[in-house]
Amino acid sequence: MDWLSRNLPYLMAGISVGGQYALIAIGYTMVYGILRLINFAHGDIFMCAGLIMVYASTVLPIYVCIPLVIVATVLIGFLVERVAYKPLRSAPRMSVMISAIGVSYLLQNLALYITGGLAQQYPTIPWISDVITVFGVTTKRVTVITPPLVILLVIGLVFLIKKTKIGMAMRAASKDFETSQLMGIKINSVISFTFIIGSFLAAVGSFLFFSNYTGVTPTVGAMPGLKAFVAAVFGGIGSIPGAVIGAFLIGIVENIIKGLGWTTFSDAFTFALLIIVLIFKPTGLFGEAAADKV
Amino acid sequence: MSKLLTIKDLSVAYGGIQAVRGISFDVSEGEVVTLIGANGAGKSSTLRSIVGLVKPSGGSVLFQDKELSGLTTENIVKNGITLVPEGRRVFVNLTVYENLKMGAYMRKDNLEADLNWVYDLFPRLKERNWQSAGTLSGGEQQMLAIARALMSRPKLIMMDEPSLGLAPLVVQGVFDIIREINKQGVTILLVEQNANMALKAADRAYVMETGQITMSGSGQDLLENEEIREAYLGKKAKK
Ligand SMILES: Nc1ncnc2c1ncn2[C@@H]1O[C@H](COP(=O)(O)OP(=O)(O)OP(=O)(O)O)[C@@H](O)[C@H]1O
Ligand SMILES: [Mg+2]
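Taken in sequence, the protein lines are chains S and L. According to the numbering used here, the residues represented by the first sequence are 1 to 294, in order. According to the numbering used here, the residues represented by the second sequence are 1 to 239, in order.
Derived by calculation from the structure, the hints in this document are not laboratory data. There's no promise every hint is true.
What the hints assert, rightly or not - In silico DSS-like pairs for lysine-lysine, Cα to Cα no more than 25 Å straight-line:
| no. | chain 1 | residue 1 | chain 2 | residue 2 |
| --- | --- | --- | --- | --- |
| 1 | L | K183 | L | K155 |
| 2 | L | K183 | S | K175 |
| 3 | L | K108 | S | K165 |
| 4 | S | K175 | L | K66 |
| 5 | L | K183 | L | K200 |
| 6 | S | K163 | L | K200 |
| 7 | S | K86 | L | K78 |
| 8 | S | K86 | L | K55 |
| 9 | L | K108 | S | K163 |
| 10 | S | K186 | L | K126 |
| 11 | L | K108 | S | K162 |
| 12 | S | K175 | S | K186 |
| 13 | L | K66 | L | K55 |
| 14 | L | K55 | S | K162 |
| 15 | S | K165 | L | K55 |
| 16 | S | K175 | L | K108 |
Values in this document were obtained by computation on a predicted structure and should not be read as measured data.
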């Protein structure tokens, strides 16, 4: 009991951060599912969402900024795919990978140019940034809101993929581009749609994440991006439930480690986890035995 | 009979390899036409270039007087042409029912009648409706691939080696289905290794060798042709 009450704040923070990682991890895992591409730029798209919020909030009220950030982030995700990945559709996978790394650096350097390298103060989003007390723990409301919001979004996403026509097309395309085209599916639209969903979730994640982490720098996307990526690998890249479970797990363990006073090692844990997974179960928790795409 | 599909001087090249070297043939409405030939003759390349999965390097593909070459696959299949690909290629991660719905992806009307139609043709699929397609046997997957293609309500259905890897009894079943759907008004272009069965089922046939059409005639004529018997049927085919 004593242990629990001492660690409750860390546990709550862990679940919350885990949820934020989950929103980013879904973008990695969905894009991998359909293109077999690790979208290295995804963490930077997340950073862009933060930066757009910073600048938009200086001229517009917050309730206008939120939808604006969502639309702008989705647009960036869409354009990145169209400009940097689509022309390479029939190129070797390594070329696309390198293009993704290029986009990542491009976005970071663009941000560096715009911000001048100074950390930008993220605006306070009212209500979710209010300080509240739950179970005797004082925290921001965002901590409590994140887990149910993430679960709702994941349920919505699973519904979309399992029950709708576009979701069925996404599942079909993830197995076989050519045969999907024979069915009349516009592959490029399905791929764009996947990037749109991933960017949308990253934008939502950015509101939650930056409400607790106020400085937006050009490389701020790297750490959460990497952790979300590890979560996706841990869960079995390509699997949405896997990514979500992996993300919550990483968030929680990371914060428990902080609670034990070993803050210095909390990041190391994530990467140790990556190495262990890659050595002992490269397909992750729910991954399919690596059936390479034909 | 009016011509449904007219191929003129069609060529397909992969890098430096000329897989199809300027072939011409046609398929009329209501016919079963077969294209037979040895491994690597260019049969699959021909079908794949008709639906735009590979871009032809030359020639024209007319479907009901509409030029299809150069269009994307989704725009080609919209015209009422479909391909049952070599090796079945069912969506193994989707259920049987979902595979059938994928076949009707372009349609916005009610599918009920056509679902019943394919379930009548393939009762086995109805039994397996909610099973994932990956768990079906090879024969069942072939049935599903054909049923899926029928769900688009095609005017022309092209099949690439539907008998590949199936037991003789199942092969017989596949050819029965081919006759049956043809009787119901669907035109068929069939690529086969199984020349004997294909020629028996076909109204007309073309023989392909190293990217060229070397012979054509009615199915019956080619069945009786001495050269064909030697090359594709084995001498013993003579009864
Ligand atoms: N994607 C490709 N890249 C390069 N060469 C190819 C490709 N596809 C086919 N070929 C070549 O083109 C030629 C014709 O192949 P195709 O698959 O059309 O033959 P086929 O008549 O269908 O043979 P099979 O009966 O074995 O299926 C072959 O020499 C093959 O190696
Ligand atoms: Mg072939």
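Right, here's what the structure says about each hint:
1. L:K183 with L:K155: holds (13 Å)
2. L:K183 with S:K175: violated (34 Å)
3. L:K108 with S:K165: holds (11 Å)
4. S:K175 with L:K66: Not satisfied, since the Cα-Cα distance of roughly 31 Å exceeds 25 Å.
5. L:K183 with L:K200: holds (15 Å)
6. S:K163 with L:K200: Violated, at about 44 Å.
7. S:K86 with L:K78: It holds: about 23 Å lies between the C-alpha atoms, which stays within 25 Å.
8. S:K86 with L:K55: holds (18 Å)
9. L:K108 with S:K163: Measuring from Cα to Cα gives roughly 16 Å; hence the hint holds.
10. S:K186 with L:K126: The hint is violated at about 28 Å.
11. L:K108 with S:K162: OK: L:K108 and S:K162 at ~19 Å, within 25 Å.
12. S:K175 with S:K186: OK: S:K175 and S:K186 at ~15 Å, within 25 Å.
13. L:K66 with L:K55: holds (17 Å)
14. L:K55 with S:K162: violated (33 Å)
15. S:K165 with L:K55: violated (28 Å)
16. S:K175 with L:K108: Judged against 25 Å, a Cα distance of about 24 Å means the pair holds.
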